[in-house]
Amino acid sequence: MTGELLEINDLTVEVSGRIVLENVDLRIEKGETHILFGPNGSGKSSLIMTILGFPAYKVISGEIIFKGKNIIDLPINERVNLGISVAFQNPPAIRGVKLGDILNHWIKDESTIDSILERINFPREFLRRDINLGFSGGEMKKSEILQAIVQGGDLLLLDEPDSGVDVENLRLLGEFINEMLKGRAGLIITHQGHILRFIDADIAHVMLKGTIVCSGRPTRILSQIMSEGYGWCMKCPRRKRIRENMI
Amino acid sequence: MSEEKKDKGEYDLTGSFTYVRKAAKWSSCPISNLPEDIISRSSDVGVIPDEDMRAATYFQIDHSVISKTVNEKFRDQVEVMSTREAIKKYDWFKNYWWRLIRRDADKFTHMASSMWDHGYFIRILEDQKVTLPIQSCLFVSTDNLNQNVHNVVIAEAGSEAQVITGCASHINVHRGLHVGVSEFYIKEDAKLMFTMIHGWSQGFDSRPRSAAIIGENGAFISNYLLFTPVRSLQMYPVAYCSGENSKVRFNSILYGSKDSHIDVGSKIVLQNDGTRGEIITRAVATDNSKIYMRGFLEGRCEDCRAHLECRGLLLSDKAIIHAVPELLAKAPGADLSHEAAVGKIAEEEIHYLMARGFSEREAVSLIVRGFMDVRTFDLPAEIEKRMKRIIKVISKRSL
Ligand SMILES: Nc1ncnc2c1ncn2[C@@H]1O[C@H](COP(=O)(O)OP(=O)(O)O)[C@@H](O)[C@H]1O
Ligand SMILES: [Mg+2]
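Chains as they are written, first to last, in our numbering: chain A, 1 to 247; chain B, 1001 to 1399.
Since the hints were made in silico from the structure, they are not lab data.
There is no bait here: all hints are sound.
Quick list of simulated restraints, FRET-style, between CB atoms:
hint, chain 1, residue 1, chain 2, residue 2, range
1, B, Ala-1024, A, Ile-107, 54 to 60 Å
2, A, Arg-124, B, Glu-1360, 28 to 34 Å
3, B, Glu-1188, A, Asp-109, 46 to 52 Å
4, A, Pro-92, B, Asp-1104, 47 to 53 Å
5, B, Ser-1316, A, Val-59, 30 to 36 Å
6, B, Ala-1331, A, Arg-119, 50 to 56 Å
7, B, Ser-1028, A, Pro-92, 54 to 60 Å
8, B, Ser-1316, A, Pro-123, 37 to 43 Å
9, A, Arg-119, B, Glu-1348, 26 to 32 Å
Think of the CB as a built atom: it goes at the ideal place given N, C-alpha and C, for glycine as much as any other residue.
The following block holds chain B by itself, in its conformation from the complex (with noise of 0.2 Å):
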């Protein structure tokens, strides 16, 4: 990291530290074999120990791949790796690698290609359907290190799934620095829903570099959560929807607490005719936390149509949110929207629940959850319920 230049940008908080670039080595093994510790942390970001109830696992902890299994009845219909192992077994892999992001993109991507760390490499084969959710996890166990993944996922054209990707870190660490570099290509005809849920320590520092193209008719759904406090993340990823008819949504709950620099954007880029795009975020910031939530529509061609909404809750007088929603319509026919609002809770709300029989920290409480309604997301039930639950604590510390 001594080669790094000069930090530029509001959101670049990781100049000033240095980082540990040593790990001990894990050994192999299922994930329920893993301390009672890990396995915790990791299912509190949707990854969880029950190999049977997922099609296939990756599981990294620090710079160690402990498990990359495909579940017996989905052997034909998915393949996982760890990218390491994917540049080697495939010629044509790197067709697929440093396409979307560029390796000097930032000093990040460049930390990524030049110290980089396994991640994961998802493939789902052609027409596959594939009915369970396939789940990966980022770990950091070690405290004060970098480590920086790149990951590689690709849906063959006509294929369905869902990714569950959970990165967290041990209850021991404390500063941490994480890149993640993360290229989709979503091709025709396929469908993929991808979750992200974060779960890093007060103060470590995350840093997901991500991009993903969706060919012909294709479906690309991100979902991104966090409900606990880290010391900075910043991310903007990218979708380009390049073949016709192709869609995208992004959804992101974002819930600020202590004193949590959160800077996470959305872009979507339409390059086709009949694509279609979608950001929604929900930002909720409470004690010191500061709250920036972008979002970029462009539209480049005749027939296409996005819109983003972007909506905060200002639950602390030393909490900021900023909604900075930006777009750029290139062809007469880009059909272009956006809405956004910010504020705290209107009392009008809190006194019609308490006409309903809540008290003041009831109604507060309903309303925020309410806020970071989950529903949406169609999570698998269990994890549905676990995110359900964190939620309902949070908010009661709302007022």
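One chain only, chain A, in its complex shape (with noise of 0.2 Å):
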């Protein structure tokens, strides 16, 4: 086993016989916090619905490696259980299963549920609701984050935990994400970049049409998208430089 928490080497995934995911390769190691951009369609999702392994995501080549173990053929909860946690972009409502349910599945212990729905600004009353039952899009984002955090693992797969969420609310969910994120790894995917203020981030991707296409300082690629768009991005000479915009 190397130095990496996730490996994914060459990967190409089709979903209903489309391909979503082509050649992506990425690293990520022990600690590091790795941020993915990309327009709309671009493929972050499926990536992340395939590094969980979503039966829909239908991998045609490549490997997921995870703790020196390749992945790909377990399902979703055993995956989840070997150390990957995640917060959904668009997860489903379940009428009947309340959010302490899935909770409770992870900690029984109320208090340590309790602090951190106080640190979230979270009502305790949501846990007794149907999950994700007429949430609003900050509710949703606040319980996929505390259900992630709950989990508890060694990498955090966070989809747009940033997207339609208020100033305050941010400034709460960023700085609470980047201390769980201490001795932990991440990936997270966001549009705007707006939780990277809070977010000390190692490394940025940039995904387009289902390949990674470019990778470095994260607030470096992310001005650069902010002033010239993803057009940039495109015209880069050199696609998939990994880590050589570092400093």
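Hints are included, so try docking the two chains, each in its own frame, into the full complex.
And the structure:
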């Protein structure tokens, strides 16, 4: 086993007969926080769903190695139980299943849950509500982040934890996530990069049409995207420049 | 049963059977003195031997009345007796007898009229708030028996009470037919919560026939729970919101297993201004079961509103669920709505829970368990606990 926590090699994935990820390479080491940028529909969420093993995302080629083990044939729950936690972008509502039922699967101790609730300013009554049913956008984000943290994996996959979140809550969530990332690894998808103000990220990648085309220092990539749009990445002469833009 | 007319209706499955009408007599005794196997079956349908925990208890086995006791502390609040006794005791009782249901409505009401085997009369006296539940059990202990009961419940003006009725058959009873006519009179400002739990055997047929009338500002909540297999069950209770601002709610949880044929509906007729109605049905069909969940809302007045919600989960390729929601508006101001959804568990929901660390089996059972949530029923704590335990066991078998 190398120092890598997650190692994705030459991953190509199709969903209902269409290629959504193509030749993706990604290495995340212990303690690193990676940011993933990319326009709508570029395949960012698909990458997370594939790491988790959602059956709709068919791996055509490549491997996903987590903690030294190729996890490609494991069902979702077994991957998660190896230490991968997730906050989804669009989680489904499930009638009758309470948020509390899910949290109690991981933590029986109510006081630990209470302290997180307080930290992210999320009212306790949500524990007794049907998961995601009638949650507002911001409430859904809090619920997802809460679940990811309670799951306590070594790798946090956070899919757009900042979209639709107001300024005040963004600070709460951002600072909390940053703290939780200490000693863990993270892969955070963000659109506008708002959350970067609170998070010490090590490296950012840009995904275009299912491929990681460029990697580099998060603030630098973000400011380029902000000023020139994703067109800048298209023009990038050296696609797939892993870690060269770091300094 | 020889003179009954040719069967009509898709759910009439009892026509080809003959049942016995004779049953050994049981003498009356406290419930706690009954044989252990009877106590355990009755407890599964919500009727407990600890009579101190209940305001009153009625217990009938076959055609014998075992118990009709009122807890000492509730003597001035509740009356409980057999309907045979009530009809002798009170002259006015006839005003509550076959008033909401016609004797000739179908062959089962006809049976209850011509071959009537007691049933309970429960009366909550005016303005009395009964703080402990009143319980009643209709038990069948003789194989192949036909039991026909006729029950009457009166909630006098301003009263409040909760009634739990458990209907069950003995573990050694393989077949049988239970017919239960029930008339509910909820007077002005009264609140009655009625919970019926069934626990029959696989070869048993059951035909409840119930109707309720609710007076001004009155409220009636009717809960129905079925978790065990039955050969056939058919009922279509009706509630008439007759007084202004009267309210009714029907909650049902139907779990179909084995070869059960379940046909359950609820009907609400809104007859006055300010009336409100709600029907919520959850059906889970496994094995070869067939579930028809019906609902009928009728609005006859200007300011009335009702909603009907039918949800079904299909857990087997051989099972069926048929939702039949109906709305009938007879006045322009009637506001009636329904929502019905039937299908298997969404893969998306299972995968989401798997991403939360649950195995596929655990995820399915969590979803099924949540689907049959009894927390909304406001049951007494110990019954809720028992129901949850039953639900947990059956939901684990879901995958
Ligand atoms: N479950 C799915 N079924 C069908 N198409 C999908 C599914 N998931 C993703 N896609 C398609 O794959 C492409 C990438 O989607 P996604 O990964 O969600 O993009 P992003 O998260 O970058 O916005 C889109 O064209 C999307 O429509
Ligand atoms: Mg996405």
